[in-house]
Amino acid sequence: MANDSPGSGGVPASTVVLNAELRQLALELFDQFRTMSFDGVGISRETYGPGETAAMEVIERIAARHNLETEWDAARNLIVRLRGREGERPVVATGSHLDSVPQGGNFDGAAGVIAGLVSLLSARANGPPLRTMELFVLRGEESAWYGGPCYFGSRAIFGLLSQSDLASRHRVSGQTLADHMVQCGVDLTPIKAGRPLMDPARFHCWMELHIEQGPVLIAREKPVGFVTGIRGNVRHRRVVCRGEAAHSGAVPRWLRHDAVLAMAELLMRLDEHWRVLLEWGEDLVVTSGIVETNADEHAVSRVPGEVAFALEYRSQDARTLTSFGALVQSECAQIAAKRGVEFDLGDAVRTEPARMNQSLVKLLETQAGEAGISCEIMPSGAGHDSAVFANVGVPSTMVFVRNDKGSHNPHEAMEYSDFFAGAETLLRALWKVANQAGEVQS
Amino acid sequence: MTGAGRDALEAARIVVDSGAVYTRTSGDPFFLSSGWASPVFIDVKRLISFPEARQRLLELALRRIDEEFGSQGLDQIAGCELAGVPFAAMVADRLSLPLVVALKQARGFGRLSQFEGTFEPGTRTLLFDDLSTDGHTKATFRAALERAEARIAGIFVLLGYNVFPDPPEITSLMTLADIVAVAERDGKLDPGALREVQAFTANAPDWSRRNGGIAKP
Chain L
723 MANDSPGSGG VPASTVVLNA ELRQLALELF DQFRTMSFDG VGISRETYGP GETAAMEVIE
783 RIAARHNLET EWDAARNLIV RLRGREGERP VVATGSHLDS VPQGGNFDGA AGVIAGLVSL
843 LSARANGPPL RTMELFVLRG EESAWYGGPC YFGSRAIFGL LSQSDLASRH RVSGQTLADH
903 MVQCGVDLTP IKAGRPLMDP ARFHCWMELH IEQGPVLIAR EKPVGFVTGI RGNVRHRRVV
963 CRGEAAHSGA VPRWLRHDAV LAMAELLMRL DEHWRVLLEW GEDLVVTSGI VETNADEHAV
1023 SRVPGEVAFA LEYRSQDART LTSFGALVQS ECAQIAAKRG VEFDLGDAVR TEPARMNQSL
1083 VKLLETQAGE AGISCEIMPS GAGHDSAVFA NVGVPSTMVF VRNDKGSHNP HEAMEYSDFF
1143 AGAETLLRAL WKVANQAGEV QS
Chain P
54 MTGAGRDALE AARIVVDSGA VYTRTSGDPF FLSSGWASPV FIDVKRLISF PEARQRLLEL
114 ALRRIDEEFG SQGLDQIAGC ELAGVPFAAM VADRLSLPLV VALKQARGFG RLSQFEGTFE
174 PGTRTLLFDD LSTDGHTKAT FRAALERAEA RIAGIFVLLG YNVFPDPPEI TSLMTLADIV
234 AVAERDGKLD PGALREVQAF TANAPDWSRR NGGIAKP
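Chains as they are written, first to last, in the numbering used here: chain L, 723 to 1164; chain P, 54 to 270.
Honestly, the hints are just simulated from the structure, not real lab data.
Remember, predicted model here, so these are calculated numbers, not experimental data.
The beta-carbon is built from N, C-alpha and C at its ideal position, and this holds for glycine as well.
Each hint should be verified, as a subset may be incorrect.
[To be verified] Short derived list, chain L residues pointing at chain P, Cβ under 8 angstroms:
1. A889
2. I940
3. A941
4. E1001
5. W1002
[Stated by the list, open to error] Taking lysine to any residue pairs in the SDA-like style, the calculated list, with each CA pair at most 20 angstroms apart, reads:
6. P:K157 to L:V982
7. P:K157 to L:A742
8. P:K157 to L:E1001
9. P:K98 to L:R997
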């Protein structure tokens, strides 16, 4: 590094770069994470599990070795800190998560943590910025391990975990999230009380780098994208449709109350609404990812009396989520009346759509332009911790890195050159805001 | 300009004036069910609510059908579920021809399971719909007619997008290009929207790809 002694020069350099040494470190970290977390098929780092902790400790050790401050908060998120010259000012924060879905890919989450770490290291070499810069290595972003709810680490920071979140059961162990949190050393007292661990006002802004989990950047042939908004969602973990079990040969159609046909009709009606809403330019996706008849009683020759299924819909528009929710209710009521069944929609977990900060998006665009990196401005279909930060009022945005073959699978294919284009842009933007005294405009 | 060309522009003006042209240039585009992204959505079926406009459109359509197929060459009109049906019914009535409704999916068994109404094998049939985007659904209706052993005289739509690759053979009263020409001439679209729609009509697969839709069928 050209200048590895913090604070030597007095005035920090106006531009920052990711030098060869930091790039090498990033590559080594990706390799190390892959080796540590390979499960035979893909990468598995459980939410609030030992693999997640181990990966976080790797980041902690490197940070400590380079004289960055480290701290574990009460929810056992790791915070890496580069003190600014005026440490009392709101901090410039970046970060992402280190858990993964079962048999997931190596870049989902980890890319943002590694980009944040090398950004702080590069900033450190440049002399202390005006504002303190922080890297958040978050836990528990994925919904796969506890049947739906997610963003546990970031929501814990702002006192947003509910009793129902804490009581969610692990898909394999059957233990609750609270149990697994305690095993990771979490102090549940403030979390159960819904007490924020940090005041949103202590954040000047939040920027997260993440691989894109959709096909847009590939299609548009751009290495990076900057995010304008994040889809919110409504999740019904378990909808139960109850009809009446009957003999499949003896009971005629008009006397049946077939729970599976009722569910199928509901899903097809929702699919038709969805098709029409897209035609009219609404943003919406609808998924029923789990469907189950009760294995203790289901049979080929039995009219199903009960079926349980998951229902999830997402939109960038809060009004669309609400309107679609009303549609779901009214379709359930109609089908229930027509077929003599009942739908129990159960608890719905709603995550609000999040608007990203426009001036931060502009800043990223400018920085990419200056670095000669071509970029796209786009919404995010998938959910991210950044939505939590944005929804508590922290000016936020995201850097997306092009990624082929989707995400949440072992075949994620991010080119390292694209990663470095994203990381370089993130670093430049972080450095810029960290040295500005003024507020982030909305 | 040919008579057909003049009629196409007149039809396009009726559609534009009825307020059936919607554009989106920021935020999400419109998505057709096959996955194409589009900056423009044309709600042709809305025209059934305007009797005068509807009647004029019908006359223009009848003239075009006569030119293209010769009304003597047709035995029946098949209206496509759903929005094709009211228009097809009016056409059939004017031509004193039998009408059948072609359904989106078959119901039950038999040669006519995808139709309401009845016809004999070999009946020379004009398939009629309000709108064709990429022709995908028209292919479904055509297959249904073939299964029902009809003779397909042709497919006619009021508005054919005519911008996607590999279009099936469809006769249209007007195309998206006619709509754009009229909207431009009459100043019915703001310049930004007009630019996007023109870019879309010039190269729809490319526009779709750049806006989050599919790039090829």
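Consistency of the hints with the structure:
1. A889: With a minimum Cβ separation of about 36 angstroms from chain P (threshold 8 angstroms), the hint on A889 of chain L is violated.
2. I940: With a minimum Cβ separation of about 10 angstroms from chain P (threshold 8 angstroms), the hint on I940 of chain L is violated.
3. A941: At 5 angstroms from the nearest chain P Cβ, A941 of chain L passes the 8 angstroms test, so the hint holds.
4. E1001: holds, 6 angstroms
5. W1002: This hint holds: W1002 of chain L lies near chain P, its Cβ roughly 7 angstroms from the closest one there, short of 8 angstroms.
6. P:K157 to L:V982: Violated - the C-alpha atoms of V982 of chain L and K157 of chain P are around 23 angstroms apart, more than 20 angstroms.
7. P:K157 to L:A742: Not satisfied, since the Cα-Cα distance of roughly 60 angstroms exceeds 20 angstroms.
8. P:K157 to L:E1001: Distance ~18 angstroms between K157 of chain P and E1001 of chain L Cα, so the pair holds.
9. P:K98 to L:R997: Status holds; Cα separation ~17 angstroms.
Of the hints listed earlier, those the structure fails to meet are numbers 1, 2, 6 and 7, in rising order.
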